[in-house]
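Q: We have chain A; now place chains B and C onto it with these hints.
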Amino acid sequence: MKQNGAPLPSPLGALLVRDLKIGRRIGGAASMGVLFFLCLVAITPFAVGPDLALLARIGPAILWIAALLATLLGLDRLFQADAEDGSLDLFLMSDTPLELIVLVKCLAHWLLTGLPLVIASPFFGLMLGLDARALEGVAASLLVGTPALTLIGAIGAALTVSLRRGGLLLAILILPLAIPILIFGVAAASGAMAFLTPFLVLCGLTLAALALTPFAAALALRNGAE
Amino acid sequence: MTGDPHFGFVIAAYLVALAVIAAMIVATLADYAGLKKRLERLAARTGRGLDAERK
Amino acid sequence: MRTMPNYANPADFLRLVRVAVPGTTAITAILFGIGLYLALLDSPPDYQQGETVRIMYLHVPSAWMAMFIYVVMSSAAFGTLVWRHPLADAVQKSAAPLGTSFTFLCLVTGSLWGKPEWGTWWVWDARLTSVFVLFLIYLGIVALWQVIEDPGKAARLVAIFTLVGAVNIPIIKFSVDWWNTLHQSASVFRMGGPTIAMSMLLPLIFMTFSFTFLFVTLHLLAIRNEILRRRVRRLSMLAASAGEAEVPVIFAEPAE
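Residue numbers (the numbering used here), protein chains in the order written: chain A, 975 to 1200; chain B, 839 to 893; chain C, 1303 to 1558.
The set of hints was computed from the structure by calculation and includes no laboratory data.
Straight-line alpha carbon distances no greater than 25 angstroms define the calculated SDA-like cross-link-like pairs of lysine to any residue that follow:
| no. | chain 1 | residue 1 | chain 2 | residue 2 |
| --- | --- | --- | --- | --- |
| 1 | B | Lys874 | C | Asn1311 |
| 2 | B | Lys875 | C | Leu1540 |
| 3 | C | Lys1455 | C | Leu1316 |
| 4 | B | Lys874 | B | Ala860 |
| 5 | C | Lys1417 | C | Phe1437 |
| 6 | C | Lys1475 | C | Met1369 |
| 7 | C | Lys1417 | B | Phe845 |
| 8 | C | Lys1455 | A | Ser1068 |
| 9 | B | Lys874 | C | Met1539 |
| 10 | C | Lys1417 | B | Leu853 |
| 11 | A | Lys995 | A | Leu1184 |
| 12 | C | Lys1475 | C | Thr1402 |
Bound-form chain A, shown alone (with noise of 0.2 angstroms):
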């Protein structure tokens, strides 16, 4: 994204960048949401068996949970990093709102880990024996729910941010908050009745994700950081 054609401000646009590059790098987890997804989908088989008709029903189930654990995976690093190596302190004392800092790492978090897995949904999709509606329906689910996890992610990791082992608890803290945009996304996905209504309810949880959890997580970073 280059400084003069964006619409964010530059101070922003930057740290895009800068977590952008960082996530591509080996090191980065973006790759490494992508196979551990792929990893999930394909033991499942093993645990339930190769019955192809019964992976097809539980499939969106199985593709959901798998998104689900693969967004929680890379999580705990999203402030760590940036509190290691002290970016966290200039967020901190920066004049560019910590809310924007946070949704701008949101935005690149799900850059990198989401949307990878909106992408080869369909194709895992297909390794589970989903029909074509079942694949839209899981794809345009995930499109629109995975920007929600990743935010109620990141209320977890600002608020595990000094702890040096807060990946599980992370997880502990957010997988139940992360319910109601299951059974909705799976609801939406599996198409078992309308499509549209879990769909517009997970649009909506989506909006008030995005809407309150910057502010829960900056307020959390501020007070972590102290």
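A: Chains B and C in isolation, oriented as in the chain A frame:
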């Protein structure tokens, strides 16, 4: 009253409630006793009595 | 410690505990006496559920406490974040294990009630599932308290999470209700309702008040414990900075 086939479940429920409530009470009181002891020991060693802290 | 100077007179609170606890203990005991008599001996068995209806007199009050204590914690969390009041920290921290216990009790009694009524220990009924999620959130709060060493920081971070949870709980409840109707099971659960008989309502009310007063009593005592814990921590640090032979004590006793 005891003729009900599910009477055991009622007994079990009340026993569990008793256990949980007793555990809460014992934990709170034991915590208090432990803290009190540590506070007294600290106060004796530092020479800062409990009253000094209470200001 | 920055929080030390604005410590809102803990001595006053300790005095309140000393005065109030004997009274609330007595009220709790009397209420439990009446409540248990009504619940176990005086009230008739339900014409459909038989004796198992008596589990309701534990289950419903526990469920009420599970929610009530969360409200108490959220209010205290607000006090922690807005006024940075250390007493609010203590109120928050001491309520969490109590809330967890009552939620656990609610789940266990629900399970013991479900086995004879539904023929299974657990049903993914909307109400049970919501309480279960609440239990998970409580466990998360307790875990978060345990991992952060500095008490003031822990209080503020837990407060944020508690309030995030408070916003989420109605959403979770709504989602679970929706999810349950989507997967309509053959549950015939028709507890309560407007047709509840007076003979069942009365023990329910008494048991609910017993549980509430039990919580108030235990909560007051637990807040006192938190105040003392902070005092112990402060004295340990004081002793350590004074260079006395307190170091082994500090290492032996985690300052949390």
